[in-house]
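Visitor: Protein chains in written order, with this note's numbering: chain B, 310 to 783; chain Y, 1031 to 1255.
Note that these hints are calculated values from the structure, not bench results.
Quick list of in silico lysine to any residue cross-link-like pairs, SDA-like style, CA-CA up to 20 Å:
#, chain 1, residue 1, chain 2, residue 2
1, Y, Lys1040, Y, Glu1067
2, B, Lys596, Y, His1243
3, Y, Lys1117, B, His572
4, Y, Lys1117, Y, Asp1091
5, Y, Lys1064, Y, Ser1098
6, Y, Lys1040, B, Ile581
7, Y, Lys1040, B, His572
8, Y, Lys1232, Y, Gly1176
9, Y, Lys1253, B, Arg598
10, B, Lys432, B, Ser462
11, B, Lys596, Y, Ile1245
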Amino acid sequence: MPRILQTTAAWRISICTTLAFALGTAFAFLIVYSLFAKTIQDRSDAWLSGEAEVLARVSTDTPRDHLYNRIIGEVAELAAQELPDDRNARGQRLNSVFFLETDPDGNGSPLWVGPGPADAFLKAIRQIKLVPGIPQSVNVEEWPTAFRVVERSESGRTIYLGLSGRGTRYLLRGLTRRFLLLWGCTVLMGFLISYWSAYRTLRRVQSITDTVARIGSEDLGERLPQPVNSDEISRLAKTFNHMLDRIQSSVNELRSVTDTVAHDLKSPITSIRGTLETILSDEPNEKWRDSLGDAVEGLDRLLSVLDTTLDVAEAQAGALRLDRSAVDLSVVVRQMVNLYQPAMEERHHEVIVDLEDHVVLDADWGLLHRVLSNLIENEIAHLPEGCQITIRVRSQDRSAELVIEDNGPGFPPEIRARAFERFVRGKHSLGHGLGLAFVDAVVRAHGGAARVSDRPSGGATITLSMPASVLHTA
Amino acid sequence: MRLLVIEDDKAIQGFLERALAEAGYQVDTASDAKTGEQRALEGIHDAFIIDLGLPDMDGLDLIARCRSQGSQVPVLILSARRSVDEKVRGLELGGDDYLTKPFALAELLARLRNLLRRSSVSQKDSVRLQVADLQLDLVRHEARRGDQVLQLTPQEFSLLEYLCRNAGRVVTRTMILDHVWRMRIDPATNVVDVHIYRLRSKVDYNSLSPLIHTIRGVGYVLKDA
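Using the sequences provided together with the hints, build the complete structure.
Guide: If you want it as structure tokens, here you go:
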């Protein structure tokens, strides 16, 4: 089933729509995500700038005594606590804020309020040229997320206020995780819904295909069920029904024409033939016997041409009536070769048969016999004496293949392309030019194809391939 | 044996009447279904030969009417129609055999014999056939001409058996293909003749009086000359 599933249009349609849907929603999320990330950053940058200003003012206003460090430290600590979104689900503080104040000459120990020792921060800040008043990202050793840092110079002293991006990252990660979960579910549901609806719609197309295929090969009287609503598929069914009506009426017309032709020609031939035959049975003298015999044989040939012409006409119009049953192609070939062996030996032909067993077709047994007899007679009629004829039967995939080839002169070039047309025959041919046309028509009526080719080493090849019976292939 | 031929084509009716009379049957004829039905219900015939294309009624309907009125007489259907369905329907409606026009007289006679035998006593299957000094042992698949055992292939034996079973009666190529090879084909080559030549060279060897005779345009007959 999975192998077949991938070839269905429902599968492809649902894959395509799901893909488009997934890409679209992912794209929308990316936009929202970047907007959101930018807003958060803007907000924390605004906070940074504001706090930096406050701290700078406090630093200027506070006298530089032994309390200075404590006051600035308290103020910085308080500022950090105002931060929004500062705790994770477990209540741990996420944002790490640091405050750094350096002397203008860079001497003496800087004032440091923040997590861990100041050295790493100082080193990171010195590596980057900060523009005063504009927050920038600074990577600090051993800190997984960058700090946004703003610099401010006030009365010779420089203060740095930094804020870790951990809170932002936590927020965005949470957002992404929720989105992915929701997105996965939606895409899956979207796929299921689109597959289900495509499958339901296309199942109706499939049922139309099945029915029309069955009608085409079996009984032209059947019709597609009359649709209830009038969507595209119902209109398809209606169109098919109209087309089948037209085909059926033209096929019926053709059958009645061929029946009439057959009847009108056969009745007089029957009485002529019967009369000649009654005279022949009376054992007339030799002179009459030969002439009458010739006449009867001539009539038989005429009839055979007539019958085959009508058969070919019907088969080409799809009006041939097939009486199908399971037929083993190899068995039929073996019977035919048995029958024709002496006739072929008479012309010193060597016959090689190479048959695979149990190549079963769902075919009209009688027509298949006639096809093979035509093929073999075609060889007998066109080959010079002493040739080699090879007949092979193979099953390939779900089709049966019959190949008949010889090492004779091959098809005359002017004929090869038209070998299966009616009344096409070689200049020196004794046939009526219907044999291969009949073969082709019958093979087509069985849903197969016939082709001719010349072998590179000389000689002709005729290949018939027909669908093997589904019921009988293992 | 009395037959009823229901056929509207006068020419066919004429030659059928002659040929059947010559073969030893009493023949009545009718040219349309209405007269045909009346005569059929007289109950004096051993078999009907009914053409399907009658002017006033389809032959199939006529057969159905006869059957519905209790007639059990075997029916041989003649038809110039090509349809296979027609044949199937004909046999379903109570026809016993079906012959398409044009047919060989030999074949018509063979089918008729078959019908009449089928309707009376079942055929006795013998294990040994004999024509003149030709003997066939069907159990051992052995053929002898006089004291000489003939070396025949299985195909040749079947062919000879068929000719022997119809000894004295003409068989056509179509009948041979149908009965010996079980094929309904219409060969354009002399495929059957080649088999007959080969068989003849084995059966009528040296200067023995020939048993297998060719009747041009008709077929073959095995008989003591």
